[in-house]
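**Student:** In case you want the letters, here they are:
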Amino acid sequence: MSASSDHANSVFASVVQAPEDPILGVTVAYNKDPSPDKLNLGVGAYRTEEGKPLVLKVVRKAEQLLVNDPSRVKEYLPITGLADFNKLSAKLIFGADSLAIQENRVTTVQCLSGTGSLRVGAEFLARHYHQRTIYIPQPTWGNHPKVFTLAGLSVKTYRYYSPNTRGLDFQGLLEDLGSAPAGAIVLLHACAHNPTGVDPTSDQWEQIRQLMRSKGLLPFFDSAYQGFASGSLDADAASVRMFVADGGECLAAQSYAKNMGLYGERVGALSIICKTAEVASRVESQLKLVIRPMYSNPPIHGASIVATVLKDRDLYNEWTVELKAMADRIISMRKQLFDALQARGTPGDWSHILKQIGMFTFTGLNANQVAFMTKEYHIYMTSDGRISMAGLSSRTVPNLTEAIHAAVSSVA
Amino acid sequence: MASAMLSLASASPSASLSLQENLKISWKRGTSSRINFLGSDFSKTKSFTRTSMTVAVKVSRFNDITMAPPDPILGVSEAFKADTHEMKLNLGVGAYRTEDLQPYVLNVVKKAENLMLEREENKEYLPIEGLAAFNKVTAELMFGADNALIQQQRVATVQGLSGTGSLRLAAALMERYFSGAKVLISSPTWGNHKNIFNDARVPWSEYRYYDPKTVGLDFDGMISDIKAAPDGSFVLLHGCAHNPTGIDPTPEQWEKIADVIQEKNHIPFFDVAYQGFASGSLDEDASSVRLFAARGMELLVAQSYSKNLGLYAERIGAINIVCASSDAAARVKSQLKRLARPMYSNPPIHGARIVSNVVGNPELFNEWKEEMEMMAGRIKSVRQKLYDSLCAKDKSGKDWSFILKQIGMFSFTGLNITQSENMTNKWHVYMTKDGRISLAGLSSAKCEYLADAIVDSYHNVK
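Line order of the protein sequences matches chains A and B.
Position one of the first sequence corresponds to residue 10 (the working numbering), numbered consecutively onward.
Position one of the second sequence corresponds to residue 8 (the working numbering), numbered consecutively onward.
Next comes chain A alone, as it looks inside the complex (with noise of 0.2 Å):
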């Protein structure tokens, strides 16, 4: 049989090229350029001063555990994932005195990271829930609206970042939640929102929170940066735990991925906080319907050491520390960047840089900056003008100075 079978004899003759993910996509483009002075600030994973990707020491630890303890098996976990790690996984988003934990309305399932709770959740929601349009930010995750869609949800935005002020369009946000259907779903980044790193104040939260009661909106919160954002766990799950102070219902997908850098293990979980604790035994069963089908039961490696660190009183500890490096790492990053930026005299308001919070950072640089940059200064970022804070370095601030420098000034 020759391989030179023309394509007509192909039953994938029509199947197209896709294009390549435009986050994912930097990576593999920057990958591709020779230059020595290239610089990756796509993809959000951290990085070390030296530029190196980081794992935990308590990461390590937690791993020599599991592997040198002989009475560990890899049987497949229950559908809904490791129970342990379940429950600790809850405890730490909601708070470990959490009533809706304690009156069991919580049903915790482990997925895939953030993606894959997203996606369980959308899917039952598209499957068991009236409303089936869910509210997502203007701008978000490039992955969400792909996310929603496949799930089988029909994808609105409401307006959330301001060009002009680089900060939040607390108005244009409210008018449009405040004109969605009576009981939409709506997308809640629970800090660190990306790709602008705005996030609205304990006043605005509760202004938002408010409204949505008022409107029985289904709030849908994407918890991506917690302990990463600001360095301190219980502060970056405030806007959830407001929510569920108030009694309501609400959905949360956790990603263990930066905030223990366990980016490829795919750890994280979806959790379905009910009214009552014989609905949400109810809702876990329609969950596992879901999973069944999709890959059967989670992966164990990843959620074994979240649970190893999370249940042993050093090891959590160990981790905050290790935490708040990272987090207090990114935010000596703005500094050095907007210090930087002023002291260049790059024109330009470059304070946004200091006020955003968490991974990234929204330069306000448009496409053709953006381009230019990657062209000329081998600078790689996603074309929004998202840069993730957790790739540089102070060796690399000069070079990104120069880079925004010579964009803002040539290019319009």
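Keep in mind the hints are simulated off the structure, nothing from the lab.
Just so we're clear, the structure is a prediction, and the values are computed from it rather than from any experiment.
Among the hints, a few may not be true.
[Unchecked claim] Quick list of simulated restraints, FRET-style, between CB atoms: (1) B:Leu122 x A:Lys344: 38 to 44 Å; (2) A:Gly357 x B:Leu122: 50 to 56 Å; (3) B:Lys402 x A:Arg81: 43 to 49 Å.
For each residue, glycine too, the CB sits at the ideal point set by N, CA and C.
Following the hints, position chain B against chain A.
**Tutor:** Just chain B now, with coordinates in the frame of chain A:
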């Protein structure tokens, strides 16, 4: 229990600070127990006062949701766990057990994990299509490292979440690009196949497979049903060790199946969950797939390493799509990625690294082959022992030889639902209601007990 309550209203810093900043300040000045340790019920944590209920929703919005039934296969283990009877036997889910009925982690897996720890590898995101080293070895394992297909780059391989996840990716591709085309599945087949295609919205119909009269293959029925389906249908085939029956076509029958599939321009879709585990030989168990590939057919193969490498919980497998050209394979791969990204972004690294370390290292690879022969060997020997016990205990003259002819982890006993229930209710033998028993969960020591149970259920229960 008194907890230190933090009221948002009483936080004196300006409300124009971010919520996080507010809390950090209050947190610092507050309790002495500043680390919120989750391992115990720690009461000194901050929480919010109950703000007034401006909640419009009084009754749960999920109130109409009904309780879903337990999974017919995975639910069996749950029921088994709850049973306290001393003679209880779990022949439900297909997970290998040693003679002592303990789970088994392969030595090569432990070695690989230790190597991985020593190397201190990072935990960065894999590409959407998975670990490149894994994708390479998994395709080579399936098709043969020297297969022209691989040299010609005509195989699109994407790491998937074990067999289920790989099947689901393929099903999603079918739904998007072969709209209206249906998949033919064997009657019976693994219980989750229908769920996967239903959720992926791919229509399916069944082809005859199991003949209860012979407790063998209804070959004519199978060929007839495959012929009757609309041209260009997908045909789901079990590469070896058919689940749940254990009944596989002979090599001659495979040739005829390939003939009719080619005539009808159907697309073969192999589910290979037991390569090496069925006969003990990796190459032998791949022969059906390789037969079809050698004819130049485009085909799909879903692989799982759950059983043959004992990596059940690591969720490691792959979807391979053999295309007529390398260009088609590249396009197909790009579309599989496009389906994986909104499902879970990229697959888990741990299991993929274990597989690529074992298969990629000649010493470990050979050791693996030995362990696999050992596992397959134990199953063959309990088949023999069960057969011998049945013959000894059943004086009716019934022919139990199908137990020896069937291959792989499972045996289709021919017991009906009520008889299967009798196995559980009277004998505390846990199995699926379709009469399937997992021989991997049977020890030599328990063969006689099981034979008693089967003989009783078969003859005394209708």
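**Student:** Confirm or reject each hint.
**Tutor:** A quick look at each hint next to the structure:
1. B:Leu122 x A:Lys344: 38 to 44 Å: Check passed, 42 Å falls within 38 to 44 Å.
2. A:Gly357 x B:Leu122: 50 to 56 Å: holds (51 Å)
3. B:Lys402 x A:Arg81: 43 to 49 Å: Given range 43 to 49 Å: holds, Cβ gap about 46 Å.
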